[in-house]
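Residue strings, one per chain:
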Amino acid sequence: MMIKTRELEIGKESLSERCAVLALEGRLDALTALELKEAIRERVDAGQVELVVDLSGVPFIDSSGLAALVSGLKATRQAGGALKLAGLNEQARTVLRLTRLDRVFALYADRAAALEALGER
Amino acid sequence: MRPPPFFSVLPLPMPAEGRKGARTSPSGGERAYGLGLWGFRILALASIVVGLYYIGWRYTTSLNWDALWFAIPLVLAETYGIIGNVLFAFTVWQPARRAPPPPLEGTTVDVFITTYNEPVALVRQTAEAARGIRWPHLKVHILDDGARPEVRAMAAETGCAYVTRGEEWRDKPHHAKAGNVNNALLQASGDLVLILDADQVPDPRIVERAIGYFRDPKVAFVQTPQQFYNVPPGDPLGSDAALFYGPIQQGKDGWNAAFFCGTNAILRREALLQLGLAEYAEEMERRVRRGLGRMERDLAAARAETPAQGEALAVLSRAVAQAGEALEEGQPLETVTDVVRQAMEAAQQRMAEEELAAIAGDMGAMAEGGEEGPEEVRRYLLGQLAEVAREVIDTLPSTSAPGGLDEQAADMELSRADEALPVLALPTYSVTEDMATSMRLHARGWRSVFHGEVLAQGLAPEDLASSLKQRLRWAQGTIQILLREKPLRMKGLSFAQRIAYLTTMYSYFSGFSTLLLLLAPIVYLFTGTAPVASSHGALLWHLVPALLLNRLMFWSTARGIRVWRGEQYAVALFPLWIRAVVSVLAGARIRFAVTPKERQGGTYLHLVWPQLLVIGLTIVAIGYGLVSWFGGWNHELAATLFSTFWGCYNIVMLSVIVKAAAYKPPAGWAPQPPGTLTASEGAAKEQG
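Chains as they are written, first to last, in our numbering: chain A, 9 to 129; chain B, 598 to 1285.
Possibly wrong hints are sitting among the right ones.
What the hints assert, rightly or not - Computed Cβ-Cβ distance ranges for the label pairs, DEER-style: (1) 942(B) x 101(A): 49 to 57 Å; (2) 887(B) x 65(A): 45 to 53 Å; (3) 101(A) x 673(B): 49 to 57 Å; (4) 101(A) x 1089(B): 19 to 27 Å; (5) 759(B) x 99(A): 32 to 40 Å; (6) 65(A) x 1269(B): 55 to 63 Å; (7) 65(A) x 1089(B): 32 to 40 Å; (8) 64(A) x 962(B): 55 to 63 Å; (9) 903(B) x 23(A): 35 to 43 Å.
Rather than coming from a laboratory, the hints here were simulated on the basis of the structure.
For every residue, glycine included, the Cβ atom is placed at its ideal position computed from N, Cα and C.
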């Protein structure tokens, strides 16, 4: 439990009026979770309710990060959209299992697979 | 916290745990039981054996078969006491001995001061003391559910962050203190959270003394005692609960079952959030399952009136069946619900198209009259039926979910639209969320610590009405948790943890047996009918050792803590305990009430009428019993004297609450705010 520094970059890539990819680089934890929550809210307010969150650049997620993903799921689905997670590493999968969120989120190997799943909708 | 009982056996009714303040010993059980731990254990075993022998004798040999209406209720009341005695002995069997490990450097701590309507000066006192806590990485937040501008200003002055509910809480249930903490948890970012009620003034050392326990990565929380600085001499309201924040919590700690009491505790943020996330996942699965079940039922009952409705119902039925299979296969809920949501969209689309086609038909009929406009509309609609349908789908009344499935559709949203936050770290269904939280943490394998050193001081209710309200709330909350979490069945708890939780919950059912034990001497004195059929000698021979050993075990556990007031209250509050059980079983909605921190004026004799009634009846019964002996109608002198003694004991126990109802603090007495304890004072306390 060391003092942590803020280190998360959120890349935004719009694919259509409804669809966007958020590519995360860095730790998704208590210090950065609110940034992700804000970024998702911004997209949803702009009408992009079908989101892929690409986590392949995230070495570490804690439960605050997961809580931000859950609130993103809520925001997108209430607006009639969806939120898909892509590119999780082993650590992320472990915390998802631990918190039973693997029962909720469908996990996709990479961005392309997640986008394909969105396309089927 | 609350009453679990230190039970006594028979006629002397049994008191309950007192979940209140403590004037208590330091870190744990180094000061072992008065007689040494083994001395206590031998007493406890003897007390259990003799108690079981007594109750066996009561069932097999001494029931009065001629008066079963009286004998059976009484023997059941006694059985309640005997079982409680065993549970209590188990709880305190192996008290934890704690010595705080060295502080865990580099850990970040958020202090949450929860407030709703307390006076600003009171919150300020706590805020200033919290700012004085010695720890390099500390941030103090005032969680103001009252959203008061003057508290905001005070927070800025004292250098505290100020947190209120955001936009997302509008029109959603606020869940009182649990909601307040849940809201702040998602905004703070420290490793640990120290929770303080608005009146709990912390000692500067509170973090450095308790934080070392978190070296164990499985420790989820450290609870410290509650002590009150405004308890007047003699503790008329029975606020002090040194027994609970001493031997009882230490005993529970020995089984890794100490529980969180809502304030004066440090908790691991990660543990709380994990709890919230897991609860969210479980709740969503429950809802999806429920939604699918209802859809299946409603679809089976639905009747199509048009071809499109028929197709829509078919599409939906297929989707629901497919989703059900996916759920059983263990597919994620996102996938499962997407199947249904897509089918729902397709069905609505199909129905919208049908409706638009019908409109186009009408236009065609009008166009036969030679008008241009309708013909244009008709061509437009038919040309782009699908697109138009998509555009208008939400505005056509006929396309609200087919089969009336709107409500079930909400179950597919995975969004908990009825709540402001999807992730509720502290459970919100109970007014005593603290205990439910502990139980869920323990069930998930987390450890807990009770650190017995007083590191914060606060206010107890100062009048009977407020005190009764608080106790009722705890009792109801605890019984709610018993019914909802089912400690005997909850997965993940150890046997000892189950028993430890059960003991606390069990103690709240004491009201019924207490009532019977209060009525028994009255019934005997009036009717001359005894519930026990035995010679006086045999009764004393069985009863006295059981009672004596029970008292000895109890005193050995309490080791010098004054418990008499607590025992009196446990008996005298019997109407409140009964009311708590009945109200929860009857499904009454229990509201969180903020306990007033200032004395409310007046006397409260109307609140204690059941106790006054029992006292009155006992006095009349004693008079009647003595008269009938002198008059020669009743020749059982020994039984009459025994019942008279028993009745007098009951009156002494009940009198405490009558006094409290009429209580006024002595002239010139005023509570002394704690100020901040200096380290030396603290150390002295610790040794004292």
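Results of checking the hints against the structure:
The supplied range of 49 to 57 Å is broken by residue 942(B) and residue 101(A), whose beta-carbon atoms lie about 31 Å from each other. Distance hint check for residue 887(B) and residue 65(A): the Cβ-Cβ separation is about 38 Å, which falls outside the suggested range of 45 to 53 Å. Range check, residue 101(A) to residue 673(B): about 54 Å between beta-carbon atoms, so the 49 to 57 Å window is met. A C-beta distance of roughly 22 Å is found between residue 101(A) and residue 1089(B), which places it inside the suggested range of 19 to 27 Å.
Remark: the range hint 32 to 40 Å for residue 759(B) to residue 99(A) is upheld by a beta-carbon distance near 35 Å. The hint said 55 to 63 Å for the Cβ distance between residue 65(A) and residue 1269(B), and at roughly 58 Å that hint holds. Distance hint for residue 65(A) and residue 1089(B): a CB-CB separation of about 35 Å, consistent with the stated range 32 to 40 Å. Hint check: residue 64(A) to residue 962(B), Cβ distance near 60 Å, so the stated range 55 to 63 Å holds.
Roughly 38 Å separates the CB atoms of residue 903(B) and residue 23(A), a value that falls within the hinted 35 to 43 Å.
In this structure, the earlier hints numbered 1, 2 are contradicted, and the remaining ones agree with it.
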